[in-house]
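**Student:** For what it's worth, my numbering labels the leading residue of the sequence shown as 114, then goes sequentially.
Please keep in mind that the hints were generated in silico from the structure rather than gathered at the bench. Incorrect hints may appear among the rest.
Calculated pairs, PhoX-like style, for lysine-lysine (alpha carbon to alpha carbon, straight line, at most 25 Å) [to be verified]:
(1) Lys429 - Lys465
(2) Lys517 - Lys544
(3) Lys455 - Lys386
(4) Lys581 - Lys486
Now the in silico label distances, taken between C-beta atoms and shown as ranges [as the list claims (entries may be wrong)]:
(5) Asp298 - Trp345: 24 to 30 Å
(6) Asn303 - Ser542: 22 to 28 Å
(7) Met535 - Ser252: 34 to 40 Å
(8) Thr443 - Trp345: 32 to 38 Å
(9) Ile184 - Lys386: 47 to 53 Å
(10) Lys386 - Thr155: 51 to 57 Å
(11) Asn179 - Val477: 37 to 43 Å
(12) Lys153 - Arg176: 37 to 43 Å
(13) Ala573 - Asn254: 54 to 60 Å
(14) Ser213 - Ser305: 53 to 59 Å
(15) Gly425 - Thr202: 57 to 63 Å
(16) Thr464 - Gly196: 51 to 57 Å
Ideal placement from N, C-alpha and C gives every residue a C-beta, glycine not left out.
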Amino acid sequence: MGTNALRTSHNPPAPEFLELADKMGFMVLDEIFDCWSQRKTTNDFHLIFDDWSEPDLRNFLRRDRNHPSIIAWSIGNEVGEQGSASGGTIASRLKGIVQSEDPTRQITAAMNAASAGSAMAQQIDIPGLNYQGEGTGTSTNSAFPAFRKQFPNRMLWTTESSSAVSSRGVYMFPVTSANSATVGDNSGGNPSAMQVSDYGLYATSWGSSPDKVFEQQDKYPYVAGEFVWTGWDYIGEPTPYNARSSYFGIIDLAGFKKDRFWIYQARWNPTVKMAHILPHWTWPNRIGQVTPVHVFSSADEAELFVNGKSQGRIKKAAQSTYRFRWDKVTYQPGEVKVVTYKNGQEWATETKKTASDAVGLKVVAEKNVTGIKADGVDLAFVSVAVVDKDGVLVPGASNTVAWKVEGAGEIVSTDNGDATDMTSFGSLSRKVFGGLGLAIVRAKGTGEIKLTVEAAGLKAGSLTLVGK
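Sequences are here, hints too, so could you generate the full structure?
**Tutor:** What follows is the structure in structure tokens.
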């Protein structure tokens, strides 16, 4: 995808996380404290902040400061003291502790309601803005210029951006013509299904689509970059519907990519020759209806074809957008294809085909691994896809699949990425979501591990791994 930096939120991360960041070359913004003296919830850290903030901060710094991946310390996330004099007092005290333990790195704080002239902002080496830099919600009223004017010699960055929401492989119509819209029951949201459209244009009332964030970041090039909320879905904070898990992730809880993954890849890793079409092209109830087609690519020009007929060749710059949009395409079964161009030369293509009836299950291990270390720790991530006779994913499939393991392994967990699915992670039977499901496998010893996946009316799928 092109990620080069990770922000921990909003507490000290696992040591293993930092070890991996060191090895893989990620930069890390290491964060402590989701609140200070002012409460966010009844039983949060505010109850013991005065007594424990210093020892906890010192232990945190001493544990992590020798990790080369860490580029800055965050001393708080959206704390309640941002606009008060006490915010400056507490920030100054915490900053002093950081400087005494690690004089080599600067501090930041993730501020969502701070002014450039606030007492707290004066103490922050690298002002971090949550949402207010790009403009909260659909507003483009940016806080960047005020902070730049107040602190011309300080780096600025967006410590939290976007809060776009989506459900993988779910699309709702009509599609907003704006580059960012607030999610609602008739705006990218379906309250009865508790799902959110995967066009990537809908966000919370305080957030923005990736497109709007990119536009604002480009408008203010002195801003160092953004930390997107969030890389992955997570259990809790299920905005906008009361589901099991969140909708914020670029990747769902099962590790499957949502469409937003590719708009970030086009932005952050533009040398990758990639074109990504959305939505899928299996709409038996939309024949003859307008079904907008969007494409993510770092190309500067693209032409779309439906069943071989051109829908127009457009230039990204002419649309003033970070995606290619054909918003008046009429759906017909068959195939949709895009050919993209960069600097006048063909760049990348992609084709999506209409799926026929589901006939079987395709089982694949992540990265096509065939072995697992028999150390009780190593894991294999194995996906199942509901496919038609030609191996095309059936995107609307929700079949119940049953996993079975034989030999020297066990299934640790299953999932499907559906934020509304309350099935236990330990269950060996669950529905697929958007045609996909996942099992996580661990070796109990050396030898073959045979996985079989079955679903009523479909040809079973299987895969053999080896515990080593």
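**Student:** Now tell me, hint by hint, if it's right for this structure.
**Tutor:** Verification of the hints:
1. Lys429 - Lys465: With a Cα-Cα distance of about 21 Å, the restraint between Lys429 and Lys465 holds, given a limit of 25 Å.
2. Lys517 - Lys544: holds (15 Å)
3. Lys455 - Lys386: It holds: about 10 Å lies between the C-alpha atoms, which stays within 25 Å.
4. Lys581 - Lys486: holds (5 Å)
5. Asp298 - Trp345: 24 to 30 Å: holds (26 Å)
6. Asn303 - Ser542: 22 to 28 Å: The hinted range 22 to 28 Å holds for Asn303 and Ser542, with Cβ atoms some 26 Å apart.
7. Met535 - Ser252: 34 to 40 Å: holds (36 Å)
8. Thr443 - Trp345: 32 to 38 Å: holds (36 Å)
9. Ile184 - Lys386: 47 to 53 Å: 30 Å Cβ-Cβ, so the 47 to 53 Å window is violated.
10. Lys386 - Thr155: 51 to 57 Å: At 52 Å between Cβs, range holds.
11. Asn179 - Val477: 37 to 43 Å: Cβ of Asn179 to Cβ of Val477: about 39 Å, so the range 37 to 43 Å holds.
12. Lys153 - Arg176: 37 to 43 Å: violated (25 Å)
13. Ala573 - Asn254: 54 to 60 Å: holds (56 Å)
14. Ser213 - Ser305: 53 to 59 Å: holds (56 Å)
15. Gly425 - Thr202: 57 to 63 Å: Taking Cβ atoms as reference, Gly425 and Thr202 lie about 59 Å apart, which means the hint holds.
16. Thr464 - Gly196: 51 to 57 Å: The hint (51 to 57 Å, Cβ to Cβ) holds, given that Thr464 and Gly196 are roughly 53 Å apart.
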